[in-house]
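Chemist: Chains A and B, in that order, give the protein sequences. Sequential numbering from 0 applies to the first sequence in numbering that gives the first Met the number 0. Sequential numbering from 0 applies to the second sequence in numbering that gives the first Met the number 0.
If you are wondering where the hints come from, they were derived from the structure by calculation, not from laboratory data. Be aware that one or more of the hints could be misleading.
Claimed, not checked - Each computed SDA-like pair below joins lysine to any residue, with the alpha-carbon atoms no more than 25 Å apart: (1) K6/B <-> F190/A; (2) K147/A <-> G52/B; (3) K147/A <-> W134/A; (4) K83/A <-> N48/B; (5) K6/B <-> I185/A; (6) K83/A <-> Y66/A.
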Amino acid sequence: MQIDPIHQFQIHDMVPMMKLAGREIAFTNSALFMLIIVVGVSALMIGASAPRAVVPGRLQSIAELSYEFVANTVRSSAGTEGMKFFPFVFTLFMFVLFANLIGLIPYSFTVTSQIIITAALALTVFLIVVVYGFWRNGLHFLNLFVPKGVPKVILPAIVFIEVLSFLSRPVSHSVRLFANMLAGHITLQVFAGFIIMLAGAGVLGWFGAVLPFAMVVALTALELLVAFLQAYVFAILTCIYLNDAIHPGH
Amino acid sequence: MDPVAAKYIGAGIACIGMGGAGVGVGIIFGSYLAAALRNPSAAQGQFGNLIFGFAITEALGIFSLLIALLLLFGL
Numbered sequence: 000m001q002i003d004p005i006h007q008f009q010i011h012d013m014v015p016m017m018k019l020a021g022r023e024i025a026f027t028n029s030a031l032f033m034l035i036i037v038v039g040v041s042a043l044m045i046g047a048s049a050p051r052a053v054v055p056g057r058l059q060s061i062a063e064l065s066y067e068f069v070a071n072t073v074r075s076s077a078g079t080e081g082m083k084f085f086p087f088v089f090t091l092f093m094f095v096l097f098a099n100l101i102g103l104i105p106y107s108f109t110v111t112s113q114i115i116i117t118a119a120l121a122l123t124v125f126l127i128v129v130v131y132g133f134w135r136n137g138l139h140f141l142n143l144f145v146p147k148g149v150p151k152v153i154l155p156a157i158v159f160i161e162v163l164s165f166l167s168r169p170v171s172h173s174v175r176l177f178a179n180m181l182a183g184h185i186t187l188q189v190f191a192g193f194i195i196m197l198a199g200a201g202v203l204g205w206f207g208a209v210l211p212f213a214m215v216v217a218l219t220a221l222e223l224l225v226a227f228l229q230a231y232v233f234a235i236l237t238c239i240y241l242n243d244a245i246h247p248g249h
Numbered sequence: 000m001d002p003v004a005a006k007y008i009g010a011g012i013a014c015i016g017m018g019g020a021g022v023g024v025g026i027i028f029g030s031y032l033a034a035a036l037r038n039p040s041a042a043q044g045q046f047g048n049l050i051f052g053f054a055i056t057e058a059l060g061i062f063s064l065l066i067a068l069l070l071l072f073g074l
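Next comes chain B alone, as it looks inside the complex (with noise of 0.2 Å):
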């Protein structure tokens, strides 16, 4: 196979793992908006953890994208 063609095909099969992320922060954001509802008074103390759970998760899929780039323009 031309290695170029290969470098997009590859570039392409790392986003994948960026739909891991999206589901992983939308499972995050989810359940902290039916907890938040739930149990309103509370909500505003766990903001802080929201965004935290929010930035480790989407490490992960940031280092797929970082592979993606990598591919496409770093090597």
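If we strip away everything but chain A, and leave its shape as in the complex, we get (with noise of 0.2 Å):
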């Protein structure tokens, strides 16, 4: 039996909706999923501090909880004055977080598998870096490639390593989230498809395919650690990267 372990990550057409340009524009499940994301976020956060009760309830406590976690992380990686920023990181990680573990159900679409995705939440990220770096410290900024107290011999050379190290940062940003994402569920799909082989093998396949089974269950585990630390990651980042354009200079 065939089994491909990337046929999760196609996107399909759900909803044709127009040609632009002799492109093809449709609705995509990749499109459903971050739509039923967003419902999710907002229902969460929107219902669950609706009742503003004084002792929280469940929900609640989630929400405050998320939103506290968020808020001492920007608070400690990009300062007091970081905060300005919270909004638009707690958005990058409740986003994040919701495709990470609505994309561990079975048969659902994991957004952010899609190069494509974390590609522009990351450039996003980075536009906002160097247009408020400029934008708050001027030509400043530039101060974040020049390292005092380097000997006027290598300093070329560290510049050119700062520069080429800053340029890369949208790169890693988001290579990271997407090839975590990616090998894990491409990790899940080859020990699913070693259950289906084994058992399909006779009676005493069954046997051997609790094996395999039991390691599923166990990297399903894994996955969901990793679906929170690395929506974490990407929002602890964020703000180390918004820092920079906040108090340049090291």
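Two chains, two frames, a set of hints: combine them into the complex.
Modeler: Following this line, the structure appears as structure tokens:
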């Protein structure tokens, strides 16, 4: 039996909408799941904070905990001045977290396993850092590339390395999330394929299939951790990059 | 050599790079744990640095995985 671990990442057109410059624009399964994520996050945050109880219930606790968690992250890594970017970071965190968690449900689609989605998010962060950095600090923003106290002889090399590492940020920022989700889901699919292959081999195979099944259960737990961790990493890196725009110079 | 075979061998070689990232991530978490056991009260404050270092180290391994995936499915 042939199992294709890449099949789960295919994008299908669900509702064709229009043609634009010879390209088909359609409502895809990716768009559907992004819509589900936005509705889910909105429902959780608005619905949970609607009662405004002094002693929070379960839902309100989730909303308050996630708010506090992200607020502490922003405050500790971008300073109190960075709090004006809190809505942006919180939106990114909740979107990525929900995308990762919903993607773990079997037969669903993982939005963050598409490089175009994560690249769009990472480029947004990158452009905000560049535009805000120049708008707030003017040309002093370029101090970011000139560390203080470096001998003049090696300064050109250091500046070159700093510029290169700055430019590779959106690449690593987007590819990290994308590759983690992609690799995790491929691994799950491959081990799930082992179960089917072994179970198809006869009665003895059923007992053998217990091993990959236990592995899939353990991997799902690991993926749950990775889903949360990658959302957190995405948010904290956004904070650190924003910190460079707010306080340039080493 | 058959180009398809060369592609698969190249993807396999590219994955060796992930071993280095594995060592790096292990060192980061190991050092954090060792330091956290020595001074548990200061551990919580360094959690952000831990995750940041983990992310930076992991990115390098992810780059080699990306090359492998590009060789297998992209190019």
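Chemist: Compare the structure with each hint and give your call.
Modeler: Hint by hint, here is what the structure shows:
1. K6/B <-> F190/A: holds, 24 Å
2. K147/A <-> G52/B: holds, 22 Å
3. K147/A <-> W134/A: holds, 22 Å
4. K83/A <-> N48/B: holds, 22 Å
5. K6/B <-> I185/A: holds, 19 Å
6. K83/A <-> Y66/A: Holds, at roughly 14 Å.
Checked against the numbered hints listed earlier, the structure breaks none of them; every hint is satisfied.
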